[in-house]
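Enquirer: With chain A held as given, fit chain B onto it using these hints.
There are 2 protein chains.
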Amino acid sequence: MKNDYKTVNFENSPSIISAYSIVGNKECSGSLGKYFDMALSDDRFGETTYEKAECKMLSTAVKGAIKKANLVEKELDLFVGVDLLNQIISASFTARDFEIPFLGLYNACSTIVEGLIVSSMAISGNFVQNAVVGTVSHFSTAERQYRYPLELGSVRPPQSQWTVTGAGSFVLSNEKGDFPKITSATIGKVVDYGVTDVNNMGAAMAPACASTIVRHFKGTNTCPGDYDLIVTGDLGLLGSKIFYKLVQDEGFDVKLNHIDCGETIYDTVEDEFQGGSGAGCGAVVFASYVYPLLKQKTIKKVLFLATGALLSTVSSGQGESIPGITHAVCVENL
Amino acid sequence: MKNDYKTVNFENSPSIISAYSIVGNKECSGSLGKYFDMALSDDRFGETTYEKAECKMLSTAVKGAIKKANLVEKELDLFVGVDLLNQIISASFTARDFEIPFLGLYNACSTIVEGLIVSSMAISGNFVQNAVVGTVSHFSTAERQYRYPLELGSVRPPQSQWTVTGAGSFVLSNEKGDFPKITSATIGKVVDYGVTDVNNMGAAMAPACASTIVRHFKGTNTCPGDYDLIVTGDLGLLGSKIFYKLVQDEGFDVKLNHIDCGETIYDTVEDEFQGGSGAGCGAVVFASYVYPLLKQKTIKKVLFLATGALLSTVSSGQGESIPGITHAVCVENL
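Going down the list, the protein sequences come from chains A and B.
Under this note's numbering, the residues of the first sequence are numbered 1 to 334, in order.
Under this note's numbering, the residues of the second sequence are numbered 1 to 334, in order.
Treat the hints with care, since some could be wrong.
To be verified - Below, simulated BS3-like cross-link-like pairs (lysine-lysine); rule was C-alpha separation at most 30 Å, straight line:
no., chain 1, residue 1, chain 2, residue 2
1, B, K218, A, K67
2, B, K67, B, K295
3, A, K63, A, K300
4, A, K34, A, K301
5, B, K295, B, K255
6, A, K218, A, K295
7, B, K255, B, K218
8, A, K300, A, K255
9, B, K63, A, K218
10, A, K63, B, K218
11, A, K300, A, K67
12, B, K245, A, K74
13, A, K245, B, K74
14, B, K52, B, K63
15, A, K300, A, K176
16, B, K218, A, K74
17, A, K68, A, K176
18, A, K218, B, K67
19, A, K218, B, K74
If you are wondering where the hints come from, they were derived from the structure by calculation, not from laboratory data.
The following block holds chain A by itself, in its conformation from the complex:
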């Protein structure tokens, strides 16, 4: 089981038995618009605050995934929840709505895959039977927490990304059946190349993404051509280019079969610049677009890498650089 690259094999592979996505209006206008399960016309989702809207989106996604899995709440043994707000209040407050044991995680935008890994260990190790993983982000809550109040109307620099308003959720199960399975994983290490520009998340995250994918290839003895798709979370246009270069330096070419969820979700006609980002970004694209391709057997094997930038307004204010982390899971039809 153990190797120098510290990849994890799930011999008893958990099934992803359902996926659900809900997005905001802007996300729905992009080229993936038709794939999402639900789109909001009002980003406040009828609530009085964006924070409450964020909780309601996550709650909707979790309920949606449970329903699509043909399960009821009491059959779920574990809820793994994630968001970007301080003290992950969106996930914590959403968990209040469910009678399901809850694990809160935080590795920024890489947490959707962190959640899939923790749930996979719980299921594959036979500790739980069914787990639901859900992540959410919201442009309006993230922007005012990490950057400037929306009311200020700050101009965004061209290296910046746009936080996705969206929630994605997956139900994982020990049920065998004909479902895409999580067969291996690589837990990321924290990598810091000294980037300090808080608007340039792609550059901050690309080194961690390269580190994880190279470890995954070596640890599982695979190469880029073994995967129908290599899906990264939110490197964006610039981050993807840096990622290609760093991986190429290690002898692997991932350009041919790579898509980045952040690059894909918007048509970038306005000021999304490098594309989308956020804990919801990778989750909604994987749930809406990639998972169905696996489910319908259009593709067989996908490597999903979610990328995170580990910073806070305090750390940046104190002059710290921005470390990155990337977790990877292999999802395939066996």
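Expert: Chain B in isolation, oriented as in the chain A frame:
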């Protein structure tokens, strides 16, 4: 394996092979002072900011636990890190110092046990061999983030607790040997009784603690008398009283063999009032005082419940109540 109470059994029980604690000056002056591995005379630990000091404390604790386990860094397959700061920057930045795959978690002060559970699943399921779990909190970083700038000299109300300056770390391993083992766990549900007083964490957390301990007793078919010690994280004096009452309503009396780390760590002669709190509180008390009792066979079986209050300054500012969560692990000599 599965039951209605959703407790988890670790038939292949992970060993806790080492524990390390480092605390601030105030913590060292309490009645547990002599048990800590290291105490700081300067809460800034020679650094320019309290945040940097917090990272250095966690790093010291993690290195200390690895050394006491007679392992070297490359033998560790997993680092599970936790703190209370926004975006868990202390744990994330500390992880930068180690070449170990990293999972960041957040369930407030309950995360030490959340970390033990996630690591136990990883080891018991045979996905990793050795994992290090570390949590940290610092009075000066927490106070200014959650409450008021220290410079303001705000008067603290009598229901308040004092955030512990301390870091605790544990190495878990699949090595069998004569070590205390984690044999079962209960992942907490989020419970909200509508408490809105941000100074009264004990009252906010007690219902979740009662919910988890009752589920644990029923799910593992045990009762309070089966444990030599029932250790809660940071309920404090008032929270412990509420906890006793709620558990008694369910037919269990836990008063006789219960200690609360928050109640125990200070001599409460100044303005700690209800006692200590914080992600480091339960970790340092368990590492310094409880773990050695198990190791020396003075006691045989302990139920460790870490309690967390799930709030942020934004949620409280928006008038939200404070949900609580509590995770439990049973640690015993087999």
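Enquirer: Regarding the pair K255/B and K218/B, is the alpha-carbon distance no greater than 30 Å?
Expert: holds (18 Å)
Enquirer: Between K218/A and K295/A, does the CA-CA distance stay at or below 30 Å?
Expert: Roughly 27 Å between the alpha carbons, so the hint for K218/A and K295/A holds.
Enquirer: Taking only the CA atoms, is the gap from K300/A to K176/A under or equal to 30 Å?
Expert: With Cα atoms ~17 Å apart, K300/A and K176/A stay inside 30 Å; holds.
Enquirer: If you draw a straight line from the CA of K300/A to the CA of K255/A, is it 30 Å or shorter?
Expert: Status holds; Cα separation ~19 Å.
Enquirer: Are the Cα positions of K245/B and K74/A separated by 30 Å at most?
Expert: holds (27 Å)
Enquirer: Taken at face value, is the distance from the CA of K67/A to the CA of K218/B at most 30 Å?
Expert: Status holds; Cα separation ~29 Å.
Enquirer: Hint check: K218/A vs K74/B, CA-CA at most 30 Å. Holds or violated?
Expert: Within the cut-off at roughly 17 Å; holds.
Enquirer: Against the 30 Å threshold, does the CA-CA distance of K245/A and K74/B hold or violate the hint?
Expert: holds (27 Å)
Enquirer: With the threshold set at 30 Å, check whether the alpha-carbon distance from K34/A to K301/A stays at or below it.
Expert: With a Cα-Cα distance of about 23 Å, the restraint between K34/A and K301/A holds, given a limit of 30 Å.
Enquirer: Regarding the pair K218/A and K67/B, is the alpha-carbon distance no greater than 30 Å?
Expert: holds (29 Å)
Enquirer: With the threshold set at 30 Å, check whether the alpha-carbon distance from K300/A to K67/A stays at or below it.
Expert: holds (25 Å)
Enquirer: For K63/B and K218/A, compute the direct alpha-carbon distance and say whether it is at most 30 Å.
Expert: Holds: K63/B and K218/A sit about 28 Å apart, inside 30 Å.
The structure fails none of the hints (numbered hints given earlier).
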